[in-house]
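J.: Letter by letter, the chains look like this.
Number of protein chains: 2
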Amino acid sequence: MTVSIIGYGQTEVSEAWETSLRLLAWYAIEAALDDAHTTEIDALYVGNMLGGTLSNQRQLGALIADFAGMKGIEATVVEAAEASGAAALRQAVLAVSSGMVRTALVVGVEKASDTTGSSAEKALATSLDADYEQVHGATPAAMAALMMQRYMHEYGASIDDFAGFSVNAHANGSSNPLAMYRNKLRAEKFGFAPQIATPVSLFDAAPAGDGSAAVIVTSTERAADMVPQPVQIIGSAAATDTLALHDRTDILWLSAAAKSAQGAMQMADVTHDDIDLFELHDAYTILATLALEAAGFAAQGEGIELARAGQIRRDGSIPISTFGGLKARGNPLGATGVYQIVEIARQLQGKAGGNQIENATIGMAQNLGGLGATAITHILKI
Amino acid sequence: MTVSIIGYGQTEVSEAWETSLRLLAWYAIEAALDDAHTTEIDALYVGNMLGGTLSNQRQLGALIADFAGMKGIEATVVEAAEASGAAALRQAVLAVSSGMVRTALVVGVEKASDTTGSSAEKALATSLDADYEQVHGATPAAMAALMMQRYMHEYGASIDDFAGFSVNAHANGSSNPLAMYRNKLRAEKFGFAPQIATPVSLFDAAPAGDGSAAVIVTSTERAADMVPQPVQIIGSAAATDTLALHDRTDILWLSAAAKSAQGAMQMADVTHDDIDLFELHDAYTILATLALEAAGFAAQGEGIELARAGQIRRDGSIPISTFGGLKARGNPLGATGVYQIVEIARQLQGKAGGNQIENATIGMAQNLGGLGATAITHILKI
Numbered sequence: 001m002t003v004s005i006i007g008y009g010q011t012e013v014s015e016a017w018e019t020s021l022r023l024l025a026w027y028a029i030e031a032a033l034d035d036a037h038t039t040e041i042d043a044l045y046v047g048n049m050l051g052g053t054l055s056n057q058r059q060l061g062a063l064i065a066d067f068a069g070m071k072g073i074e075a076t077v078v079e080a081a082e083a084s085g086a087a088a089l090r091q092a093v094l095a096v097s098s099g100m101v102r103t104a105l106v107v108g109v110e111k112a113s114d115t116t117g118s119s120a121e122k123a124l125a126t127s128l129d130a131d132y133e134q135v136h137g138a139t140p141a142a143m144a145a146l147m148m149q150r151y152m153h154e155y156g157a158s159i160d161d162f163a164g165f166s167v168n169a170h171a172n173g174s175s176n177p178l179a180m181y182r183n184k185l186r187a188e189k190f191g192f193a194p195q196i197a198t199p200v201s202l203f204d205a206a207p208a209g210d211g212s213a214a215v216i217v218t219s220t221e222r223a224a225d226m227v228p229q230p231v232q233i234i235g236s237a238a239a240t241d242t243l244a245l246h247d248r249t250d251i252l253w254l255s256a257a258a259k260s261a262q263g264a265m266q267m268a269d270v271t272h273d274d275i276d277l278f279e280l281h282d283a284y285t286i287l288a289t290l291a292l293e294a295a296g297f298a299a300q301g302e303g304i305e306l307a308r309a310g311q312i313r314r315d316g317s318i319p320i321s322t323f324g325g326l327k328a329r330g331n332p333l334g335a336t337g338v339y340q341i342v343e344i345a346r347q348l349q350g351k352a353g354g355n356q357i358e359n360a361t362i363g364m365a366q367n368l369g370g371l372g373a374t375a376i377t378h379i380l381k382i
Numbered sequence: 001m002t003v004s005i006i007g008y009g010q011t012e013v014s015e016a017w018e019t020s021l022r023l024l025a026w027y028a029i030e031a032a033l034d035d036a037h038t039t040e041i042d043a044l045y046v047g048n049m050l051g052g053t054l055s056n057q058r059q060l061g062a063l064i065a066d067f068a069g070m071k072g073i074e075a076t077v078v079e080a081a082e083a084s085g086a087a088a089l090r091q092a093v094l095a096v097s098s099g100m101v102r103t104a105l106v107v108g109v110e111k112a113s114d115t116t117g118s119s120a121e122k123a124l125a126t127s128l129d130a131d132y133e134q135v136h137g138a139t140p141a142a143m144a145a146l147m148m149q150r151y152m153h154e155y156g157a158s159i160d161d162f163a164g165f166s167v168n169a170h171a172n173g174s175s176n177p178l179a180m181y182r183n184k185l186r187a188e189k190f191g192f193a194p195q196i197a198t199p200v201s202l203f204d205a206a207p208a209g210d211g212s213a214a215v216i217v218t219s220t221e222r223a224a225d226m227v228p229q230p231v232q233i234i235g236s237a238a239a240t241d242t243l244a245l246h247d248r249t250d251i252l253w254l255s256a257a258a259k260s261a262q263g264a265m266q267m268a269d270v271t272h273d274d275i276d277l278f279e280l281h282d283a284y285t286i287l288a289t290l291a292l293e294a295a296g297f298a299a300q301g302e303g304i305e306l307a308r309a310g311q312i313r314r315d316g317s318i319p320i321s322t323f324g325g326l327k328a329r330g331n332p333l334g335a336t337g338v339y340q341i342v343e344i345a346r347q348l349q350g351k352a353g354g355n356q357i358e359n360a361t362i363g364m365a366q367n368l369g370g371l372g373a374t375a376i377t378h379i380l381k382i
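Heads up: the sequence lines are chains X and F, in that order. The C-terminal position of the first sequence is numbered 382 in the working numbering, with every residue numbered one higher than the one before it. The C-terminal position of the second sequence is numbered 382 in the working numbering, with every residue numbered one higher than the one before it.
One should not assume that every hint holds.
It does not matter which identical chain is used: a pair holds within one copy or between any two.
Under the rule of at most 20 Å between Cα atoms (straight-line distance), these lysine to aspartate or glutamate pairs were calculated in the EDC-like manner [as the list claims (entries may be wrong)]:
{"#": "1", "residue 1": "71", "residue 2": "34"}
{"#": "2", "residue 1": "71", "residue 2": "131"}
{"#": "3", "residue 1": "71", "residue 2": "250"}
{"#": "4", "residue 1": "71", "residue 2": "247"}
{"#": "5", "residue 1": "184", "residue 2": "160"}
Since the hints were made in silico from the structure, they are not lab data. These numbers were taken from a predicted model, which means no experiment stands behind them.
Using the sequences provided together with the hints, build the complete structure.
T.: Below, the structure written as structure tokens:
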């Protein structure tokens, strides 16, 4: 049984000081229910990374189901660090495919900036290996810096070579009213940004933010009768790698990203030429580079060329971050993977406004946990 | 497609000061792989509640997959507070049923007593409503106390009436070498235990512990060719209720427990008389009482009679906690739901040793999150 999206919703990514975790989730759910013209939901999958620590709230499945007026339905949280959003969608796809769940609601929700629990910095590092990385004071930015430094060394790239990723993200974010940062960025300013973990600067790293995105999925057969423009999920695959970078044979090869992209493309029966846009996990510019290489859009060491040559822009050969990506739309962690799906659905339905990719019919989304320890890829088609 | 268990494993429940979270998980996984005579695992579902807070470790799916020698496979964490173990199994059942995952490994793992992160007491309370219960200093024991007090008031029960649950749990735990507490308990001592939240005493409340349990599932068709005694999962259902007790119309009715039990029994096409044992969620004696009522083994207000009359013992009409239950085997939170499944599988295979229920062919397991906000029921048959 194939699965299709019949509705979606999303909130602005921001610092949501005055909105509780459950209310933030509701805003996206309400929009998705309206879009799907249904309130009949059989199961809820919540993508969330830090609620248990930063908001002292676990069991968000039951909590959000109740708050959204769906008390009683099957509901659970799915967690794979920053890949929690796509992991939740993946479980919904499996659940609907099983025939045991008819209609599933996926909501990714995160409050990263407003904490009532522990510190956000320490909580973010829980996507790294606690016993072998965190124990040395490592942070995700620090580990991304090791990758970027190595890339520059191996392939003779300069810091300025990475500018294209952020310039593109901010250009696209500037016309997305839901983006956390809507300022444009000039390439010549890129190299002057304060470095947070050399060589990773503020312009390489995506900002953690608060936000919520939701999608509703059901069987493709039912979807056709329910909404005018269902979006089919033709590919879905998940894979993993070591958390600790030192356990990888090549820290410049995202093996889980490669494996999940191949799996999703094989299931979808598509080639690279078929893919009109790629919402990848640009938490750091180096991750954008490596994700393009892992997915096969560039050879190893040549992902950076796509940014240099502008091929990642909306008019390029493989547009990425079309609503700003993690860098400019913002990175609401456990919600990010669901934002990517919503953004592709908007593109495929021709509802992307000023951010529209012309004639887009197939889009790929890839969500990463940590520095690529979890990778989940979905391919959507209209 | 129906799903069967082809292997399982479990560790002792204890305070595992010298064992890391990943190593604890491996011990149960290793035993399950040995039992199933296979190493071909396609997906891993980890049931865990507190790793992100107490051990600063998220993304346990990828971490444990790698540590267990399965680097690369699909892997994720499933969280529904104390019901995380059964929630992980539920996702594995859906995944195998979809036909997209051939063989799935479920591991429940928890380190509750040895924390490198926040305090265990505060972390345990994250299964309650943060904004409306925790904010007043509520703990799970305190909320269970409200339920127990109300039960005593409504039905004229005394504290001593609850003794049968703990006496039975400790009697069964005394012959389980993996139980956290193996001391027998005499009914006449029950009323003298120190109260931790009046009227809940140390003899009502199950101890949080460290432990890991694992099961491997695949299609029933394949299972028959792989192992001599596959255990079929003939019923599986999940439901939710409000987290906050004040939002329930009747705090003595576990509506999610009732709904998930009915759902699982309907799917399994069994009646109460068919069920030979019931591994329920006796985190507190009041939850054992209410779970028996919600599942339909007793009318409201009469669950306590089953304990008084000894009908919950191994030779009674509906044996519960046959290896000690949460009370004596111990409550390793996110792992508990998987322990329940392992214990039923052992009973149905006739491998329960001194704890054997004669001629058991069908068993029911029910795992609760918080005070019943999440309820997941599975029915197993041999």
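J.: Next, verify each hint and record whether it holds.
T.: Here's how the hints hold up against the structure:
no.	hint	verdict
1	71 x 34	within (19 Å within a copy, 41 Å between copies)
2	71 x 131	between (39 Å within a copy, 18 Å between copies)
3	71 x 250	between (47 Å within a copy, 15 Å between copies)
4	71 x 247	between (44 Å within a copy, 11 Å between copies)
5	184 x 160	within (17 Å within a copy, 71 Å between copies)
Checked against the numbered hints above, the structure breaks none of them.
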